[in-house]
Amino acid sequence: MRHLIPPFDWQRVLVQPWMEDFSITVWIVLMGFFVTAACGLVGNYLVLRRMALVGDAISHSILPGLVVAFLLFKHVSVWVSFAGALAAAALTVVLIEFIHKQSRVKPDSAICITFTTLFALGVVLMSMLETKGAIHIDAECVLYGEIAFVSLEPPAVWNGWELGPPSVLRMAAVLAAVALAIFVFYKELLVTAFDAGLAKSLGMRVGVWHYGLMGALAIVVVSAFESVGAILAVAMLIVPPMFAGQLSDRLSARLGLTVLHAALSALIGLHLSVWLNCSAAGAMVVAAALLFVAVWPASPIGKLLRPSLRGEAPIFPGCPAGSRGQRVRDP
Amino acid sequence: MRRLLPFGVLALAFLVSDAAQAARINELSDSTMLERATRFFTFQDPSLRNALSGSMLLGVCCGLMGAFLVVRKLALMGDALSHAVLPGVALGFLWNMTKDPVSIFIGATIAGLLGAGTVQLIRDTTRHKEDAALGFVLASFFGVGICLFTMIQNIPGGNKSGLDKFLFGQAAALSQGDVLLLASVTVLVIGAILVFYKEYALTSFDTGFARSLGMPVQFFHFSLILLLAFAIVASLQAVGVVLVSAMLVIPAAAAFLLTDRLGMMLLLSAVFGLCAGGMGAFFSFVGRNLPTGPFMVLAAAVVFVGALFFGPRHGIVSRLWRQRSRSVRIRRENTLKAIYHVIEDNEFRTETISVRELAERRRETLEDARRQLASVRRAGFVTISGDGVSFTPHGWQRACEIVRNHRLWELYLTHAAHIAADHVHEDAEAIEHVLGGETVRQLEKRLNYARRDPHGKLIPGVEDIRLGRVAKPSSRATGFGAERLH
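From first to last, the protein sequence lines are chains X and V.
For the first sequence, position 40 (counting from the first letter as 1) is numbered 40 according to this note's numbering, and the numbering increases by one without interruption.
For the second sequence, position 33 (counting from the first letter as 1) is numbered 1033 according to this note's numbering, and the numbering increases by one without interruption.
Pulled out of the complex, with its shape left as it was, chain X reads as follows:
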């Protein structure tokens, strides 16, 4: 127990990563930032739509998609994984809807049944392939990934320039695409997230936006999958929007705060992992969660401190502005 937490040596923890191991550190931090920011941006809309756990479901059920795609195409490549993951994500969404529309099973049970079954199918397929020696996928890698491996990849070269590890570049492209999509379709995404009825009355195709969001989610999660694993991708989807939601009411500000939170948690996570000598992805999730805990009571819009700070009674919903803190009586 005593050897578990090494002494905090600020030279080793804070300086060394940026001096001697710079080329490793920078890619890990960048990768962590890209993954957290891309997941967090998409996650904002999930949390607003109260679909946070659909993200959980999709990130689990991608596994059989990857394995089946490998079986079909007999090789591992980015596009094959993308196709498999997208198909699995679509299947998940459709199955969840099928189960809870066609039977009396509640949506929460439907989510749980769908993704655990698909995940189990994925693990079974994987372990069978492994017994035959056809493929070696580390089961634990599926769950928590290994972000430190990015610095070991041979760097992509373009016109004689060394650009960096391909997976980091890919993640950067995904982040850029997500950010661009949010910028271009900001209004549509906003309206469909907050008021589907209004969106429908404005002539928007709510279903199209819903499935578009699911598609973006699948792409983001499958790209995050190999570096942070299935379950930590869920953290990246949910924790940054929750952090941002504590600090702001406005969606645009929340999106900005999400990116800030991503940068902070990647950086803090890295140093945490160097100090404690543990998984970098896990440490980034811990850092992200700690950041949320830090802003939890400080929230200006949360319910925690407001009544006591202002000396007001909690406001009843629907209470007129002038009558704050007073008992509302029937006229």
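For the record, the hints were derived by calculation from the structure and aren't laboratory data.
There may be inaccurate statements among the hints.
As the list claims (entries may be wrong) - Partner residues aside, some chain X positions facing chain V, computed with beta carbon under 8 Å:
1. Ser109
2. His210
3. Tyr211
4. Leu232
5. Leu276
Only a predicted model underlies this, so the values are computations on that prediction, with no experimental measurement involved.
Even for Gly, the Cβ is constructed at its ideal location relative to N, Cα and C.
Fit chain V to the given chain X structure using the hints.
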């Protein structure tokens, strides 16, 4: 392998074919699939006895707890808690650097309760909704757990800790102590349910009523969460953190589809869990140390899919069948009504109408009319001789009932709801097939046994239907069927 892909979803097909292939490959090695299966069923290995009894106990215990999760809509709470116990497992291991079931159990239970408390706290003190709170607890606790696991692997003696078995579960790794733990948790769960059955049932279905009776609703909620944490922690070793929630929810959801009574649901859910646990242990043993959890989950999923499609009352197939038979009945009744209308237009002078008259009335082709008539005849409502169609007494009665329902409803809408007479037809057209006898009697009473609908047509009365005739006070004709019966 490509050959097998069409069966991708049918996990069992996979298992069977794979077992066959593997048997061929492994013929030279120590034992074949068949031998291993024989060994499984003769229970020779003590470790197998542990694995099997552990898995089955797990199925019972998770099945019982899961029934409450499903009816309380807490399925995802099970998921969140099962991930949240991971740091507790690591800390329990660190306590004395062994996989001592008791210390791991205590650590994991504490972590699970902390997770449940955090969900409650986030929900109460922030504006985040339950799903975000559950996701936060699930992911951040799991992240802490992963950090601790990797830290343990890096310290001396931690590498061979076997903690990775907690991720996917390995029933073969169950020790006597683990099985005893599972057994005691199962006994505790069964005992709690037997003692507090009424309270749990009431707080699950009607919290408001339970509170009005002065029941400590919160106490029962948290005792369930505590039992849930026990069940999850005890099951970890066999099924793994990721898939415990599946064993909680899937058997219970299958039971939920099959019955409407909580007691029956608990029983079915426990039985399904038991079978799934047994199957999981079997495949894991036969397949040479494959992870147990996924096989259990797939076995449970097969049961669920069966219940989803073939459940007697809520199954998809039986519902489609009911829908189909209802639409057949409605089509038949519409044909009967059309025949009645034709006879009525003839002022009840004839008993037999021609197919052509019916087709003209319904504005359809002769073929369509014939097809409809054939269906109605199969049900015994009409007799067809050549081109003439006439009612059987039974058919006449049914036709009168439908027409009466229609016209009574029209009259009711114009009288009671003050809807214009030309707007009531559509509504009556839909409801005439579903009005029951009791409702019809009430309608008649409210309408003072009226004999005319808003359009001035006759409403055939109860007496007329019972006697098989239509009395027309204004006309000398005694109506169809009167001659036949008298």
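We went through each hint and held it up to the structure:
1. The closest approach between the C-beta of Ser109(X) and any C-beta of chain V is roughly 4 Å, which is under the 8 Å cut-off, so the hint is satisfied.
2. Interface hint status for His210(X): violated, as the beta-carbon distance to the closest one in chain V is roughly 16 Å, over 8 Å.
3. Proximity of Tyr211(X) to chain V is violated relative to the hint, the smallest CB-CB distance being about 19 Å (cut-off 8 Å).
4. The restraint placing Leu232(X) at the interface with chain V holds, with a minimum CB-CB distance near 6 Å, inside the 8 Å limit.
5. A least Cβ separation of about 6 Å between Leu276(X) and chain V falls short of the 8 Å threshold, and the interface hint therefore holds.
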